[in-house]
Amino acid sequence: MDHKVVVELRDITVEFDGERILDNMSLAIRDKEFVTLLGASGCGKTTTLRLIAGFLKPNSGRVFFNGKDVTDVPPYQRPVNTIFQRYALFPHCNVYDNIAFGLRVSKVPEPEIKERVTEMLKLVNLSGFEKRSVSKLSGGQQQRVAIARAVINKPKVLLLDEPLAALDAKLRKDMQNELKNIQRQLGITFVFVTHDQEEALSMSDTVVVMNQGKIQQIGTPIDIYNEPENAFVADFIGESNIIDGVMRKDKLVNFDNHDFVCLDSGFGINEPVDVVIRPEDVDIVPLDQGMISGTITSVTFKGVHFEIIISVNDFKWMIQTTDYHAEGETVGLYIEPDAIHIMRKSEYSNMFGDYSTFSEEMETMSDVDAIEEEE
Amino acid sequence: MTKRSARQALINAPYMLWAGIFIVVPLFIVMYYAFTDSTGAFSFANILALADYAEVFRVSIIFSVIATIITLLIGYPFAYCLTKLPVRAQRMQMMLVMLPMWMNLLIRTYSWMNILEKNGLINTVLSGLGLPTANMIGTPGAVILGMVYNYLPYMILPIYTTMAKIDPSLSEAAEDLGCNAWQKMRRLIVPMSIPGVVSGITMVFVPSISTFYISQKLGGGKILLIGDIIERQIQVSYNYNLGASLSFVLMVLILISMAIMNRFSNGEGEMVV
Numbered sequence: 001m002d003h004k005v006v007v008e009l010r011d012i013t014v015e016f017d018g019e020r021i022l023d024n025m026s027l028a029i030r031d032k033e034f035v036t037l038l039g040a041s042g043c044g045k046t047t048t049l050r051l052i053a054g055f056l057k058p059n060s061g062r063v064f065f066n067g068k069d070v071t072d073v074p075p076y077q078r079p080v081n082t083i084f085q086r087y088a089l090f091p092h093c094n095v096y097d098n099i100a101f102g103l104r105v106s107k108v109p110e111p112e113i114k115e116r117v118t119e120m121l122k123l124v125n126l127s128g129f130e131k132r133s134v135s136k137l138s139g140g141q142q143q144r145v146a147i148a149r150a151v152i153n154k155p156k157v158l159l160l161d162e163p164l165a166a167l168d169a170k171l172r173k174d175m176q177n178e179l180k181n182i183q184r185q186l187g188i189t190f191v192f193v194t195h196d197q198e199e200a201l202s203m204s205d206t207v208v209v210m211n212q213g214k215i216q217q218i219g220t221p222i223d224i225y226n227e228p229e230n231a232f233v234a235d236f237i238g239e240s241n242i243i244d245g246v247m248r249k250d251k252l253v254n255f256d257n258h259d260f261v262c263l264d265s266g267f268g269i270n271e272p273v274d275v276v277i278r279p280e281d282v283d284i285v286p287l288d289q290g291m292i293s294g295t296i297t298s299v300t301f302k303g304v305h306f307e308i309i310i311s312v313n314d315f316k317w318m319i320q321t322t323d324y325h326a327e328g329e330t331v332g333l334y335i336e337p338d339a340i341h342i343m344r345k346s347e348y349s350n351m352f353g354d355y356s357t358f359s360e361e362m363e364t365m366s367d368v369d370a371i372e373e374e375e
Numbered sequence: 001m002t003k004r005s006a007r008q009a010l011i012n013a014p015y016m017l018w019a020g021i022f023i024v025v026p027l028f029i030v031m032y033y034a035f036t037d038s039t040g041a042f043s044f045a046n047i048l049a050l051a052d053y054a055e056v057f058r059v060s061i062i063f064s065v066i067a068t069i070i071t072l073l074i075g076y077p078f079a080y081c082l083t084k085l086p087v088r089a090q091r092m093q094m095m096l097v098m099l100p101m102w103m104n105l106l107i108r109t110y111s112w113m114n115i116l117e118k119n120g121l122i123n124t125v126l127s128g129l130g131l132p133t134a135n136m137i138g139t140p141g142a143v144i145l146g147m148v149y150n151y152l153p154y155m156i157l158p159i160y161t162t163m164a165k166i167d168p169s170l171s172e173a174a175e176d177l178g179c180n181a182w183q184k185m186r187r188l189i190v191p192m193s194i195p196g197v198v199s200g201i202t203m204v205f206v207p208s209i210s211t212f213y214i215s216q217k218l219g220g221g222k223i224l225l226i227g228d229i230i231e232r233q234i235q236v237s238y239n240y241n242l243g244a245s246l247s248f249v250l251m252v253l254i255l256i257s258m259a260i261m262n263r264f265s266n267g268e269g270e271m272v273v
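Protein sequence lines, in the order shown, are assigned to chains A and B. All the letters of the first sequence, read from the start, carry residue numbers 1 to 375 under the working numbering. All the letters of the second sequence, read from the start, carry residue numbers 1 to 273 under the working numbering.
The set of hints was computed from the structure by calculation and includes no laboratory data. For clarity, every value in this text was computed on a predicted model and none was experimentally measured. Each statement offered as a hint is correct.
In silico BS3-like pairs for lysine-lysine, Cα to Cα no more than 27 Å straight-line: (1) A/Lys136 - B/Lys165; (2) B/Lys84 - A/Lys57; (3) A/Lys57 - B/Lys165; (4) A/Lys131 - B/Lys165; (5) A/Lys114 - A/Lys136.
Based on the sequences and whatever the hints tell you, model everything.
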């Protein structure tokens with residue numbers, strides 16, 4: 001996308017009570033782009049949004065709009081609008097007055113307000129709800145009012161703070177499509193905050209993966225999924241088997257005592273690396289046809305596929321396949337060269353273990369030494 | 001009657017009984033006295049006699065309206081500033097607001113008498129500085145001061161409560177939609193705190209218009225309010241009938257003003273009185 005940059009954050013650091021929320025972060029957001037800030041709670045994604053909205057000033061660093069420094073500009077003078085996590089609709093106003101709020105503040109004549117509110121209500125499928133009290137609306141309807149109230153002001157950038165978190169799964173899917181359509185129709189920049197990786201991948205032009213106040217990777221959803229930059233991104237987005245490996249030479253990697261042909265190059269000879277293999281990219285084959293072999297330790301039916309855990313040299317691989325295999329079976333694994341993704345070692349290497357457990361909490365619980373240390 | 005509503009009626013019974021004995025029955029007694037003469041015969045004489053007290057009613061209304069306006073002018077900004085403080089400071093400030101109410105109204109009013117009277121605190125200081133002294137007891141100002149001082153917490157408390165309940169994200173939403181501090185006040189804070197203001201006005205206006213102690217002590221016998229007349233009819237003249245009719249009219253006045261106030265709050269928000 002070759003649109004020009006609308007919002008730029010430069011070397012931003014934010015601290016609360018001595019705790020670093022954003023650590024020297026820089027980010028450029030382009031015009032008409034759908035950008036998603038993705039990360040677990042506490043990663044700094046909401047803080048980033050509040051910086052752009054102007055509710056928060058950075059301890060150091062600057063915020064720019066169209067190249068102009070707006071770090072000290074208060075929220076009401078910024079060309080952005082926000083959709084709040086719990087909508088923040090005004091309870092003393094009905095649907096019409098909520099949506100008209102911004103236009104009234106900027107003294108738009110009433111006939112024009114009426115026209116634009118009517119148009120907005122149509123856009124969000126709420127025609128006829130003008131006089132309803134907002135407290136009598138369902139969650140999805142409140143969400144639509146919040147969208148209309150923000151979008152009617154024709155902001156350059158729309159900020160969305162986990163707007164779908166409170167909706168149930170099916171409604172969330174509908175709203176995802178609807179938001180995407182609204183964004184295309186209006187041609188404005190969306191900055192969307194979520195912790196839901198599926199939501200991020202399906203809606204965005206660009207995904208910004210964040211952790212501990214730092215950007216881990218910026219890229220298209222496909223890049224983020226297929227070419228994670230480090231073990232954190234690989235683990236956070238989807239499921240992945242992350243294995244220690246060594247680059248023999250360009251396009252040849254060794255792990256589990258086997259040399260695999262891969263497509264990556266540009267690493268040093270014998271450089272230790274992290275190897276990522278997605279669970280759906282591994283084929284289970286008869287023992288004699290496999291590149292490596294292991295024993296099936298668990299099989300879980302997931303509807304579309306089976307989730308099979310295979311122990312290879314005590315490392316637990318996760319494999320997703322539509323074919324059934326029995327627990328206890330010893331099988332071979334076959335991996336195509338394009339299924340292998342090589343990453344440089346990072347601070348996150350070895351932090352994400354295998355699939356003996358699925359959560360970190362479970363891992364610490366089963367680790368007797370760790371529990372004793374804590375006590 | 002369903003089981004559920006039967007149980008509710010049972011739970012409500014003690015309160016209903018209490019309200020019946022101590023609210024409804026006395027009201028009927030007041031009505032009875034108001035519309036009878038000293039022999040117990042039905043009569044409009046007391047109601048007609050009220051014409052003589054029109055001036056007292058007028059003064060009472062003016063005084064209590066002024067006192068209510070002043071408490072609102074002090075209480076509203078005070079409550080607003082309070083919500084801007086850190087939570088701990090808010091609690092401390094609220095404690096200080098409530099603290100005088102732990103003391104009896106009579107003692108508080110008596111203290112003001114000591115401060116304002118001819119040889120009181122203010123005049124002692126003034127003459128000590130060689131300045132002319134002022135006679136403050138018996139002026140309308142002193143009586144209104146007494147009302148404002150005594151009833152200010154009743155104004156601050158409900159306004160503060162409604163303001164504190166306003167979700168901070170609403171305030172951010174207003175800023176986000178283009179409101180500067182002044183517009184935010186006008187379009188968000190004021191409309192949302194109306195229920196608190198209505199409660200506050202009611203809670204200050206009602207005791208102000210019916211007070212007699214404040215006007216007695218700080219009015220120096222020169223200023224008579226409706227409450228003083230009622231007290232005198234009952235305590236001094238033993239004219240229960242006239243006293244009752246005065247009370248009855250005062251009650252009607254209060255009910256009318258409360259009905260008017262309630263229209264402003266649109267029925268939303270809880271009335272404290």
